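Asks: Protein chains in written order, with our numbering: chain L, 1 to 144; chain V, 1 to 117.
Simulated from the structure, these hints should not be mistaken for laboratory data.
One or more hints might be untrue.
Computed far set for chain L versus chain V, every beta-carbon distance over 10 Å [what the hints assert, rightly or not]:
1) PRO17
2) ILE22
3) ARG31
4) LEU37
5) THR48
6) GLU55
7) LEU73
8) GLY88
9) ALA104
10) SER114
11) ILE132
12) MET141
Simulated crosslink set (DSS-like; lysine-lysine; CA at most 25 Å straight-line) [unchecked claim]:
13) L/LYS102 with L/LYS120
14) L/LYS8 with V/LYS84
15) V/LYS81 with V/LYS3
16) V/LYS84 with V/LYS3
17) V/LYS88 with L/LYS8
18) V/LYS88 with V/LYS11
19) V/LYS81 with V/LYS11
20) V/LYS11 with V/LYS84
21) V/LYS11 with L/LYS102
22) L/LYS102 with L/LYS118
23) V/LYS88 with V/LYS3
24) V/LYS11 with L/LYS8
25) V/LYS88 with L/LYS118
Cβ pair distances, simulated, as ranges [as the list claims (entries may be wrong)]:
26) V/ILE12 with L/TYR46: 24 to 30 Å
27) V/GLY83 with L/GLU60: 44 to 50 Å
28) V/GLN82 with L/PRO109: 18 to 24 Å
29) L/TYR20 with V/LYS88: 30 to 36 Å
30) V/LYS88 with L/ILE89: 16 to 22 Å
31) L/GLY139 with V/HIS27: 18 to 24 Å
32) L/TYR108 with V/LYS88: 18 to 24 Å
33) L/TYR136 with V/GLN50: 54 to 60 Å
34) L/TYR110 with V/LEU23: 39 to 45 Å
Given the structure is predicted, the values throughout are model-derived calculations rather than measurements.
C-beta: ideal position from N, C-alpha, C; glycine also.
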Amino acid sequence: MEHRDENKEGIGGMINPRRYGIERVAYLLMRLSGLGLLAYFIGHIYETSLILKGEVGWSEFLELTQTTEGHVLLAIVIAMCVFHTVNGIRVMLGEGGVGVGKPARPDYPYIPASQNVKHKIGIYSAIVLAAIAMLYGLGVMFGE
Amino acid sequence: MSKMRESVIMKIHYGTALAAVALVAVHILMRLTLNFAESLEYENVIANYQFIPYAGMLEIILILLSIHGFNGLRVILLELKQGKVYEKAVSYGCVAAMVGLIAYGSRTILMVNMGMV
Chain L
1 MEHRDENKEG
11 IGGMINPRRY
21 GIERVAYLLM
31 RLSGLGLLAY
41 FIGHIYETSL
51 ILKGEVGWSE
61 FLELTQTTEG
71 HVLLAIVIAM
81 CVFHTVNGIR
91 VMLGEGGVGV
101 GKPARPDYPY
111 IPASQNVKHK
121 IGIYSAIVLA
131 AIAMLYGLGV
141 MFGE
Chain V
1 MSKMRESVIM
11 KIHYGTALAA
21 VALVAVHILM
31 RLTLNFAESL
41 EYENVIANYQ
51 FIPYAGMLEI
61 ILILLSIHGF
71 NGLRVILLEL
81 KQGKVYEKAV
91 SYGCVAAMVG
101 LIAYGSRTIL
111 MVNMGMV
C-alpha cells in the first residue's frame, strides 16, 4: 500500500504537461478549459438571474461586464469554448475508433498507433482555432 | 439509486456535448443578430426570454450543459482520487449541484417568461 501511495503524484501529476508530448498538453488543456467553462457557466446563470432585479439591476451589472477586464475574460471563455469543442470532437472520434490506426503487434520502439499525425493535427487545429476565435471575439467586443 | 454503467454515462456525456454545441451556436448567433452591446439591453433580453421557442431552447441548453459540466467535474475528481466513500460523495455531490443549478436557472427563465419582473 505504501509503495502504491509513493507512486501517486496527485494533482501535481495530473497538471504536469511534460513527458508525454502534445497529447498530454491536450489532456491538461481539456480539463482546464472544462473547469473554466463550468465556472463561467455557473457565473453566467447567476448574472442572468440579475434581470429579475429589473432594468436598474441589469444595467448596473452589464456595466461591469462592459469593461476591458470583462471583455478579456469573455475572450478567454471563447478560446476555452472553441478548444474544448474541437478537441472534444477529436476525443470522441478517437474513442469511436476513427483515426487511431489498425491494431498491430507492438514492436520496438513501441510507438502507439493512436498517437499519430492525424490526432496531432487535430490538437494543433484546436489550439489555432481557439486563438482565431479569441481574436475575433476581441475584435467584436472592442470594435464597438 | 441504482448504479449506472460508466459506458452509459460517457454516452450521455458525449450526447449532451454534441447537442449543446449546436444549441449554444444558435444562442451566440442571437447575440450577433443585433449589435453585441445592443442585444444585451434590458428590453431585448426580456423580449428574448418572452419568445417561447427561445426560452425553451435556453432551458434545454441549461439542462444539457449542467449534465455535461457536472459529469465532467465528477470525472476529473474521480481521476484524482478513488475510494468507495469518496466516489459516492463526489457522484452525489455533483448530481446535487447539477439539480440545484438547473432549478436556479429554470426559475429565472420561468419568471421572466411569465412577466414576473
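Asks: The structure should be examined with respect to each hint, and the outcome stated for every one.
Replies: Here is how each hint holds up against the structure:
no., hint, verdict
1, PRO17, "holds (15 Å)"
2, ILE22, "holds (20 Å)"
3, ARG31, "violated (6 Å)"
4, LEU37, "violated (7 Å)"
5, THR48, "violated (6 Å)"
6, GLU55, "violated (5 Å)"
7, LEU73, "holds (15 Å)"
8, GLY88, "violated (6 Å)"
9, ALA104, "holds (25 Å)"
10, SER114, "holds (17 Å)"
11, ILE132, "holds (15 Å)"
12, MET141, "violated (7 Å)"
13, L/LYS102 with L/LYS120, "holds (17 Å)"
14, L/LYS8 with V/LYS84, "holds (18 Å)"
15, V/LYS81 with V/LYS3, "holds (19 Å)"
16, V/LYS84 with V/LYS3, "holds (13 Å)"
17, V/LYS88 with L/LYS8, "holds (21 Å)"
18, V/LYS88 with V/LYS11, "holds (20 Å)"
19, V/LYS81 with V/LYS11, "holds (23 Å)"
20, V/LYS11 with V/LYS84, "holds (23 Å)"
21, V/LYS11 with L/LYS102, "holds (23 Å)"
22, L/LYS102 with L/LYS118, "holds (13 Å)"
23, V/LYS88 with V/LYS3, "holds (10 Å)"
24, V/LYS11 with L/LYS8, "violated (29 Å)"
25, V/LYS88 with L/LYS118, "violated (38 Å)"
26, V/ILE12 with L/TYR46: 24 to 30 Å, "holds (25 Å)"
27, V/GLY83 with L/GLU60: 44 to 50 Å, "holds (46 Å)"
28, V/GLN82 with L/PRO109: 18 to 24 Å, "violated (32 Å)"
29, L/TYR20 with V/LYS88: 30 to 36 Å, "holds (31 Å)"
30, V/LYS88 with L/ILE89: 16 to 22 Å, "violated (32 Å)"
31, L/GLY139 with V/HIS27: 18 to 24 Å, "holds (20 Å)"
32, L/TYR108 with V/LYS88: 18 to 24 Å, "violated (44 Å)"
33, L/TYR136 with V/GLN50: 54 to 60 Å, "violated (30 Å)"
34, L/TYR110 with V/LEU23: 39 to 45 Å, "holds (43 Å)"
Going down the numbered hints, you'll see the structure goes against 3, 4, 5, 6, 8, 12, 24, 25, 28, 30, 32 and 33, while the others check out.
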